[in-house]
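Protein chains in written order, with our numbering: chain A, 24 to 315; chain B, 564 to 786; chain C, 2 to 234.
Hints were generated in silico from the structure; no laboratory data involved.
Please read all numbers here as calculations on a predicted model, not as lab measurements.
Just so you know, even glycine gets a beta-carbon here, dropped at the ideal spot from N, CA and C.
Hints may contain errors.
What the hints assert, rightly or not - As a list, the in silico SDA-like pairs of lysine to any residue whose alpha-carbon atoms are at most 20 Å apart:
#1 C:K14 to C:G194
#2 A:K285 to C:A214
#3 B:K756 to A:K132
#4 A:K132 to C:P207
#5 B:K756 to C:A214
Claimed, not checked - Taking CB as the label site, the calculated pair distances span:
#6 B:S600 to C:A93: 43 to 53 Å
#7 A:A47 to C:N123: 26 to 36 Å
#8 C:K6 to B:E747: 35 to 45 Å
#9 B:D633 to C:A93: 26 to 36 Å
Unchecked claim - Calculated from the model, a selection of chain A residues having no Cβ within reach of chain C, i.e. all distances over 12 Å:
#10 E126
#11 A135
#12 G153
#13 L162
#14 A183
#15 A188
#16 V199
#17 C280
#18 G296
#19 L300
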Amino acid sequence: MAFPLTALGFAWTYVIAAGVVLGALAALFGVGLAVASRVFRVHADPRIEQIEDALPNVNCGACGYGGCSAYAAAVVAGEIGPSECVPGGMDVARQVAAVMGLEAEEKEKQVAVVFCQGGNRAENRCRYEGITDCRAAVLTQDADKGCRWGCVGLGTCAQACPFGAIVMGDDGLPHVIEDKCTGCGTCAEVCPKGIISILPAANMVHVLCRSRDAGGQVRKVCPVGCIGCKQCEKACPVEGGAIHVTDFLARVDLSACISCGKCVQVCPTGAIGNFRLSRRAKRGKVKGQEAA
Amino acid sequence: MDIGYVELAIGTILISNLVLARFLGLCPFIGVTRRTSDAVGMGFAVMFVMTLASFVTSLLYKFVLTAPADGGFNLLVALGVVREMPAGGYVLVLKTISYILVIAVLVQFVEMVLRKSVPVLYKALGIYLPLITTNCAVMGVALLGTSDWKYPDHPLSVAQTTWMGFCGGVGFTLAMILMSGIRERLATSRVPKALQNVPIAFISTGLMALAFLGFGKMFGIAL
Amino acid sequence: MHLLKALLHKAVKTNPVFGLMLGLCPTLAVTTSVKNALYMAMAASAVLLCSNILISLLRRFIPKEVRIACYIVVIAGFVTMVEIVMKGAAPAQVNRDLGIFIPLIVVNCIILGRAEAFASRNGLWASIGDAIGIGLGFAGALTLIGLVREVVGSGTLWGYTLCPGYVPAALAIMAPGAFIVIGLLFGLFNAIGNRRQARGTTAAQPVTVTTSADMPKKTGDARPRTTPDRPGA
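All chains, please: the whole structure from these sequences, using the hints.
Rendered as structure tokens:
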């Protein structure tokens with residue numbers, strides 16, 4: 024056992040030395056840092072930091088800027104309004120508007136919709152073994168699905184979502200958890216087939232297929248694809264039609280559609296989907312199946 | 564035995580790599596290596612801080628904390644603060660606190676400089692910059708070069724200690740870049756759910772460390 | 002009782018190594034044997050306790066801008082004290098094995114983290130409890146890893162040979178073994194956590210879509226919905 028403080032006489036020099044060394048270092052560094060903070064001063068509007076604190080800091084890019092800091096800087100610079108943060112919703116919009124002294128505008132809720140129902144039901148034309156990423160699969164001979172418009176099913180969208188709002192199901196398709204979905208658009212951007220779209224939650228009927236192949240070809244590879252038979256067009260009660268078939272694919276005209284669901288019933292392959300049950304159920308008005 | 568600069572370099576970068584052989588700097592190693600761009604930025608910042616920190620701490624060690632060899636210079640004795648240095652100097656009591664003060668101030672300084680001159684890097688590193696203060700790698704390399712130097716009878720000169728700090732930073736950055744490359748690849752692979760993210764990163768690090776073990780005693784350098 | 006439960010919660014649920022992922026450097030470096038692990042845990046816990054107490058007492062006097070520097074100075078003071086005590090009181094072999102990691106306690110994220118997150122905001126007794134809980138958790142984690150590495154890597158436990166015929170896998174005490182062992186332990190705890198989560202409440206449900214396939218069949222609609230069986234790919 025060898026303690027350094029063997030004799031009391033020695034103890035004081037330690038105290039003095041410690042005090043002097045640390046005091047000198049502290050003084051030197053204090054002055055140095057003070058000088059440096061003058062020299063390297065960055066003039067930043069304090070509002071930018073206030074806005075950054077209010078933002079969710081996910082850096083998803085839905086506002087159109089590279090990240091939350093870029094959006095905050097743009098708002099303070101007056102380039103863009105305070106309500107553009109999609110994941111933040113109205114809460115964040117109000118906070119940002121409060122910092123800037125502006126009014127926050129109401130934005131309608133938007134969600135991601137996956138325009139494919141094939142998944143494991145659709146036929147494969149080959150076997151893909153490689154990086155489990157849809158983009159990689161598409162780069163390799165346009166992936167392994169028989170339908171070249173449909174979902175590849177390797178889960179890139181699920182991995183990309185910053186909120187965990189889209190998950191891959193056992194059926195080989197991505198499923199959107201609409202309670203978590205903020206409509207930021209990250210999944211839509213990464214999907215190499217472009218089958219995810221961000222649409223208003225108020226539109227409840229969509230044709231969940233993007234295949235422009237002729238009906239016979241669609242039948243060969245997918246049991247639930249749109250064959251372009253035009254039954255939905257005939258069934259639509261809206262003046263001028265809210266659903267039209269072009270290129271063997273039915274498309275809903277979102278501005279005209281009243282989400283009545285008549286086209287959903289007559290579709291022979293079940294390609295048209297009605298989201299009404301899932302979305303209305305939250306507000307407690309479960310109406311069951313829409314009657315004819 | 565005099566250690567040359569090349570031997571110091573090979574010894575610090577490959578043989579006793581700070582991360583893979585000495586277990587220093589693991590928190591940023593696991594935390595910042597998800598993207599190669601972050602890893603490179605962090606690596607360069609750490610390199611800069613390490614070099615400066617090694618330089619200042621070696622000055623402190625040689626001229627303030629230790630008892631000088633015959634004919635040597637000691638600031639405290641020269642200023643008349645103490646009449647003579649005790650055997651072993653004030654190293655044991657003052658090294659930890661003075662070294663960490665130096666490092667904390669340096670990190671603060673680097674943060675200020677980066678914020679003004681390279682704001683993109685400052686934004687990218689974000690929270691990780693102040694974390695360099697608590698990075699065991701910077702403090703560790705300062706200790707390894709001065710008071711915990713492997714051959715106490717042949718201490719390193721100030722220039723050699725600074726060089727060792729720089730090489731430590733190079734080794735750290737090398738390990739970070741290798742790790743981030745592997746992790747980016749792992750992110751798109753089928754990893755079992757329990758092993759995803761951190762566990763598989765550690766196992767990969769272990770395999771890398773195994774590979775780096777092969778550098779041991781290379782060219783007869785024993786560092 | 003309530004206090005014990007709170008301590009256990011701190012030690013297990015927010016375990017500093019496996020839960021918060023702090024203080025990884027000393028964890029891997031010193032766990033070559035259970036003895037080293039325990040000495041390190043004692044040293045770190047002592048510093049944690051003392052620094053928590055002092056910072057909690059001083060919390061109203063430390064200005065916000067320089068708080069991190071103040072915490073570091075306080076912690077460094079206690080680390081120096083612990084260093085001197087270890088040099089005198091601990092066995093020479095342990096001191097050699099622990100090496101630079103005793104002074105490196107000053108940059109251990111656990112201690113600074115608890116000072117910042119807890120001691121600076123809570124009273125004296127709560128901070129003491131926090132230090133004890135986190136210290137116990139740290140000791141537990143270190144001992145677990147030390148146990149695995151010592152038994153597998155040297156075939157001994159606290160220096161006593163366990164199984165005379167066992168040829169130890171020396172890799173476990175070396176650097177790669179440390180990483181692999183902790184990676185596997187992290188994986189184990191992840192698996193336990195996942196299983197516990199799966200048994201708990203279900204996550205938010207994905208959206209459900211109704212199509213014509215879900216509706217009762219109308220008469221005369223005889224189109225087959227599924228394609229006929231084809232030789233699979």
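**Prompt:** So is E126 of chain A really clear of chain C, every C-beta pair being over 12 Å apart?
**Reply:** The claim holds: E126 of chain A sits with its nearest Cβ about 32 Å from chain C, beyond 12 Å.
**Message:** Does the beta carbon distance between K6 of chain C and E747 of chain B stay inside 35 to 45 Å, or does it fall outside?
**Reply:** Roughly 42 Å apart at Cβ, these two residues keep to the hinted range, so it holds.
**A188 of chain A remote from chain C - nearest C-beta pair above 12 Å** = With a cut-off of 12 Å, A188 of chain A comes too close to chain C, as the shortest Cβ separation is near 9 Å.
**Request:** For the range 43 to 53 Å, tell me whether the beta carbons of S600 of chain B and A93 of chain C fit it or not.
**Result:** Holds, at about 46 Å.
**Asked** How does the Cβ-Cβ distance of A47 of chain A and N123 of chain C compare with 26 to 36 Å: does it lie in that range?
**Response** At 35 Å between Cβs, range holds.
**Asked** Do D633 of chain B and A93 of chain C keep their Cβ atoms within the hinted range of 26 to 36 Å?
**Response** Given range 26 to 36 Å: holds, Cβ gap about 30 Å.
**Request:** Confirm or reject the statement that G153 of chain A sits farther than 12 Å, beta carbon to beta carbon, from all of chain C.
**Result:** holds, 16 Å
**Asked** Taking only the CA atoms, is the gap from K756 of chain B to K132 of chain A under or equal to 20 Å?
**Response** violated, 33 Å
**Asked** Can the restraint linking K14 of chain C and G194 of chain C be considered satisfied, given a maximum Cα separation of 20 Å?
**Response** Holds: K14 of chain C and G194 of chain C sit about 10 Å apart, inside 20 Å.
**Prompt:** In terms of Cβ atoms, is chain C entirely out of 12 Å range of V199 of chain A?
**Reply:** Not fine: 5 Å to the nearest Cβ puts V199 of chain A too close to chain C.
**Request:** Check the non-interface label on A135 of chain A: least C-beta distance to chain C beyond 12 Å or not.
**Result:** With a cut-off of 12 Å, A135 of chain A comes too close to chain C, as the shortest Cβ separation is near 10 Å.
**Message:** Please verify whether K285 of chain A and A214 of chain C have alpha carbons no more than 20 Å apart.
**Reply:** Answer holds: K285 of chain A to A214 of chain C is near 14 Å, not above 20 Å.
Hint compliance for this structure: hints 3, 5, 11, 15, 16, 18 and 19 are not met, and every other hint is.
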